[in-house]
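Going down the list, the protein sequences come from chains D and F.
Residue 301 in the working numbering sits at position 301 of the first sequence, and the numbers go up by one each step.
Residue 314 in the working numbering sits at position 314 of the second sequence, and the numbers go up by one each step.
Please keep in mind that the hints were generated in silico from the structure rather than gathered at the bench.
Positions of the beta carbon are idealized from the N, C-alpha and C atoms, including for glycine.
The reader is advised that the hints may include incorrect statements.
[Claimed, not checked] Restraint ranges, calculated between C-beta atoms of paired labels, are given here: (1) D/219 to F/395: 54 to 60 angstroms; (2) D/153 to F/54: 49 to 55 angstroms; (3) D/50 to F/259: 41 to 47 angstroms; (4) D/272 to F/395: 22 to 28 angstroms; (5) D/241 to F/365: 31 to 37 angstroms; (6) F/41 to D/77: 52 to 58 angstroms; (7) D/286 to F/368: 49 to 55 angstroms; (8) D/241 to F/202: 57 to 63 angstroms; (9) D/224 to F/123: 57 to 63 angstroms.
[Unchecked claim] With a cut-off of at most 20 angstroms between alpha-carbon atoms, the simulated SDA-like pairs for lysine to any residue come out as follows: (10) D/35 to F/319; (11) D/35 to F/261; (12) D/220 to F/320; (13) F/321 to D/218; (14) F/321 to D/177; (15) D/35 to F/344; (16) D/35 to F/321; (17) D/35 to F/278; (18) D/220 to F/336; (19) F/321 to D/153; (20) D/35 to F/366; (21) D/216 to F/319; (22) D/35 to F/282; (23) D/35 to F/281; (24) D/35 to F/370; (25) D/220 to F/76; (26) D/220 to F/285; (27) D/46 to D/312; (28) D/35 to F/368; (29) D/216 to F/97; (30) F/321 to D/312; (31) D/153 to D/172; (32) D/216 to F/76.
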Amino acid sequence: MSFDGGAARLGLLALLGFMIAPSAQADTIFVSNEKSNTVSVVDGGKMQVLATIKVGRRPRGITFNRDMTQIFVCVGDDNRIDVIDVATQKVVDRLPSGPDPELFVLDPKGRLLYVANEDDNMVSVVDTETKKIVGEIQVGVEPEGMGISPDGKFLVNTSETTNMAHFIDTESHQIVDNVLVDARPRVARFTGDGKFVWVSSEVGGTVSIIDTASRKVVHKITFAVQGVPREAIQPVGIQITSDEQRAFVALGPANRVAEIDAKTFEVKRYHLVGQRVWNLALSPDEKRLYTTNGVSNDMSVMDLERGRVVKSVSVGGAPWGVIVKP
Amino acid sequence: MRIASLLIVAGVLLLGGPARAADPGAGPMVIRIGYLTRAEEPRIPQTFLEPVSEDEGVQGARLAIADNNTTGRFLNQRFELVEAVVPEDGRVEDAVRDLAGQGVRLLVADLREDALLAAAAAPEARDMLVFNTRAPDDDLRNERCRTNLLHVTPSRRMLADALSQYLVSRKWMNWLLVVGRTPEDAAYADAIRAAAKRYRAKIVEEKRWAFEDANRRVDTGHVTVQSEILTFTQAPEHDVLVVADEADGFGEYLLYQTWLPRPVVGTHGLVPTAWSRVNEQWGATQLHSRFERQAGRWMRPRDYTAWMAVRAVGEAATRTKSADPAALAAFVRGPDFTLPAFKGQGLSFRDWDGQLRQPVLLAGPRVLVSVSPQAGFLHQYSELDTLGDDRPESRCKRSQ
Chain D
1 MSFDGGAARL
11 GLLALLGFMI
21 APSAQADTIF
31 VSNEKSNTVS
41 VVDGGKMQVL
51 ATIKVGRRPR
61 GITFNRDMTQ
71 IFVCVGDDNR
81 IDVIDVATQK
91 VVDRLPSGPD
101 PELFVLDPKG
111 RLLYVANEDD
121 NMVSVVDTET
131 KKIVGEIQVG
141 VEPEGMGISP
151 DGKFLVNTSE
161 TTNMAHFIDT
171 ESHQIVDNVL
181 VDARPRVARF
191 TGDGKFVWVS
201 SEVGGTVSII
211 DTASRKVVHK
221 ITFAVQGVPR
231 EAIQPVGIQI
241 TSDEQRAFVA
251 LGPANRVAEI
261 DAKTFEVKRY
271 HLVGQRVWNL
281 ALSPDEKRLY
291 TTNGVSNDMS
301 VMDLERGRVV
311 KSVSVGGAPW
321 GVIVKP
Chain F
1 MRIASLLIVA
11 GVLLLGGPAR
21 AADPGAGPMV
31 IRIGYLTRAE
41 EPRIPQTFLE
51 PVSEDEGVQG
61 ARLAIADNNT
71 TGRFLNQRFE
81 LVEAVVPEDG
91 RVEDAVRDLA
101 GQGVRLLVAD
111 LREDALLAAA
121 AAPEARDMLV
131 FNTRAPDDDL
141 RNERCRTNLL
151 HVTPSRRMLA
161 DALSQYLVSR
171 KWMNWLLVVG
181 RTPEDAAYAD
191 AIRAAAKRYR
201 AKIVEEKRWA
211 FEDANRRVDT
221 GHVTVQSEIL
231 TFTQAPEHDV
241 LVVADEADGF
251 GEYLLYQTWL
261 PRPVVGTHGL
271 VPTAWSRVNE
281 QWGATQLHSR
291 FERQAGRWMR
301 PRDYTAWMAV
311 RAVGEAATRT
321 KSADPAALAA
331 FVRGPDFTLP
341 AFKGQGLSFR
351 DWDGQLRQPV
361 LLAGPRVLVS
371 VSPQAGFLHQ
381 YSELDTLGDD
391 RPESRCKRSQ
């Protein structure tokens with residue numbers, strides 16, 4: 001290769017970089033792999049695995065701390081939370097979690113983690129600074145999904161066998177309301193304005209939209225995919241764009257992600273992704289959607305401007321949770 | 001006649017917070033569920049690894065009551081289990097009358113076929129809904145079906161279909177069938193034969209287990225077994241040995257002892273079953289750990305079916321917000337009923353014979369091997385209806 005050619009190529013690369021930066025291409029994606037006990041680090045530009053971080057057993061729930069310098073991972077079979085340092089990509093600490101943590105949510109102030117203890121009908125409140133459990137909230141059978149209102153005042157926990165969304169006052173740690181949803185609720189997600197909570201019901205096959213003021217289900221989204229048995233439509237992961245126009249719901253063994261008009265709740269399209277899609281993450285610029293596909297052991301990358309899946313990236317065994325850092 | 005009867009009043013659980021009740025002024029709605037079983041000699045497993053348990057079934061019902069109450073406290077509902085044990089020589093009809101007198105209209109029946117039919121035919125059972133959590137007999141879903149009976153436990157035909165789908169998907173089409181001496185073993189073999197016909201497999205030979213049942217603990221144990229089974233299992237070329245031994249008298253001995261090196265399936269080896277400890281999928285982990293904390297042993301299929309029956313009532317009470325047994329029974333049979341039961345999908349009752357449609361586990365001795373229906377066995381309504389008696393085949397003529 002001649003010197004000139006190399007320089008031209010560098011120039012072109014720089015130009016390309018200028019044109020698209022900052023964009024989804026600069027994303028770093030972190031995927032928890034339930035089966036291989038690792039977290040895969042994926043480069044959003046190259047769409048390749050950069051590193052694999054060894055964590056405790058059965059990593060599922062995964063979230064950043066407030067300034068994105070650390071990652072918390074629920075390692076359910078070890079009954080704790082592992083703390084990954086983002087810069088060194090190593091587990092540097094651990095937090096108590098109560099038994100069998102699966103999913104959690106960080107309060108908007110960044111100090112407290114609310115952890116669903118699936119085995120104990122309880123939500124544990126973990127102080128990430130003192131590394132102590134500072135509260136326990138009794139909820140329904142098999143607590144799972146955790147959502148927190150943008151102002152941090154209300155926590156919504158779903159219980160898989162009780163089939164409710166429990167509204168919890170984060171000040172008093174008291175349950176203030178219980179909203180019945182369809183069978184086996186999994187994920188609870190607040191809209192950015194805090195007016196609604198979306199709750200997916202895996203066995204019921206629906207997503208309930210709960211009005212946070214009246215605490216009533218105001219709409220129920222149902223799904224139908226031609227050629228896919230009704231029982232295979234099992235909604236889990238939910239993502240809503242910050243302009244609240246579009247929402248995406250992972251449909252599990254239907255191997256599809258539903259794209260929904262977040263205003264009318266109409267399902268616009270179904271995108272074919274990998275097998276058994278669990279969870280979703282939007283890139284910070286919301287131009288991409290990443291999905292974890294638990295059976296095909298990969299992550300699908302959806303280009304939201306072109307409206308299609310552009311890449312599948314092999315990650316670890318049984319990928320489950322996914323988060324993205326710009 | 002004395003009927004041991006025990007009222008378990010669920011203690012009011014300590015609340016983390018004041019749940020908003022349906023009517024804060026009134027006491028909780030009470031939903032009373034009966035549990036009826038008959039005293040019998042405990043089953044002695046051939047393996048020493050499994051404990052002999054005297055409380056199979058009822059432990060599942062008790063756990064489901066606790067689960068129902070955890071949900072119920074948010075809805076101002078309280079669930080109670082009224083347990084009744086009929087003596088070995090006692091009449092189940094008397095127990096049904098006694099339970100009816102205690103306000104029971106929803107009854108979980110952990111009974112074998114004849115006792116179950118006697119209970120369901122008792123005059124006081126006419127306005128009850130009875131959940132069969134034990135009897136797998138196919139005629140209960142056909143000629144002997146009843147309007148007031150729902151079958152939570154899978155039928156033998158469902159089990160045989162579940163196993164057969166797996167064998168056929170592997171192209172293991174030639175089967176040697178070994179049948180024990182009890183009527184239940186004969187019925188299991190009937191179901192296997194019907195499934196072989198349905199899936200075009202071939203039973204190359206049938207053998208009847210002819211040896212005396214022996215005590216499981218003898219000092220010369222394996223020596224006799226080793227020589228007996230080697231000659232007993234000589235048969236034309238086959239892919240698998242299917243064993244029908246529901247009472248667990250000898251099936252365990254067949255593994256690794258056969259004339260040809262072939263896997264054992266059926267009641268032993270690879271077992272089609274409603275439940276097994278090896279299932280850890282779909283959140284089953286939590287059910288196991290709750291159960292084991294309560295019962296001090298693994299959850300057995302009878303515990304699981306009893307759990308499902310009581311949870312079905314709980315689910316109906318949650319959805320209807322009612323404690324009226326007639327309303328609950330109607331909901332359970334209705335089109336909106338769906339029971340999540342750690343099988344990866346919602347379960348419901350078939351309207352033609354009252355059978356709960358459900359995936360069937362294919363359990364190996366140590367891990368879960370597969371779950372049926374197998375991929376590719378299609379159905380126009382629900383793939384679960386590829387297991388057992390489908391609507392057009394049903395011989396159940398019950399007035400709905």
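| task | For the pair we were handed, residue 216 of chain D and residue 76 of chain F, check the Cα-Cα distance against 20 angstroms. | result | Cα-Cα ~18 angstroms, so holds.
| task | Mind checking the alpha carbons of residue 35 of chain D and residue 278 of chain F for me, to see if they're no more than 20 angstroms apart? | result | holds (17 angstroms)
| request: Note whether the CB distance of residue 272 of chain D and residue 395 of chain F lies within 22 to 28 angstroms or breaks it. | output: violated (43 angstroms)
| task | Take a quick look at whether residue 220 of chain D and residue 76 of chain F sit within 20 angstroms of each other, Cα to Cα. | result | Cα-Cα ~25 angstroms, so violated.
| Hey, residue 220 of chain D versus residue 336 of chain F, does the alpha-carbon distance stay inside 20 angstroms? | Satisfied, since the Cα-Cα distance of roughly 15 angstroms is no more than 20 angstroms.
| Assessment of proposed distance window 41 to 47 angstroms (beta carbons of residue 50 of chain D, residue 259 of chain F) | Once the Cβ atoms are compared, 56 angstroms apart, the range 41 to 47 angstroms for residue 259 of chain F and residue 50 of chain D is violated.
| request: Look at the Cβ atoms of residue 219 of chain D and residue 395 of chain F and judge whether their distance stays inside 54 to 60 angstroms. | output: At roughly 44 angstroms between Cβ atoms, residue 395 of chain F and residue 219 of chain D fall outside 54 to 60 angstroms, so the hint is violated.
| task | For residue 153 of chain D and residue 54 of chain F, compare the CB-CB distance with the range 49 to 55 angstroms and indicate the outcome. | result | holds (52 angstroms)
| field | Agreement of residue 35 of chain D and residue 370 of chain F with the hint, judged by alpha carbon distance not exceeding 20 angstroms | value | This hinted pair holds, its Cα atoms lying about 18 angstroms apart.
| said: Given the hinted pair residue 35 of chain D and residue 368 of chain F, is their Cα-Cα distance within 20 angstroms? | reply: holds (16 angstroms)
| Pair hint outcome, residue 321 of chain F versus residue 312 of chain D [Cα-Cα no greater than 20 angstroms] | Not satisfied, since the Cα-Cα distance of roughly 46 angstroms exceeds 20 angstroms.
| said: For a C-alpha distance cap of 20 angstroms, please report whether residue 35 of chain D and residue 261 of chain F respect it. | reply: violated (33 angstroms)
Comparing the model with each earlier hint shows violations of hints 1, 3, 4, 5, 6, 7, 9, 10, 11, 16, 19, 25, 26, 29, 30; every other hint is respected.
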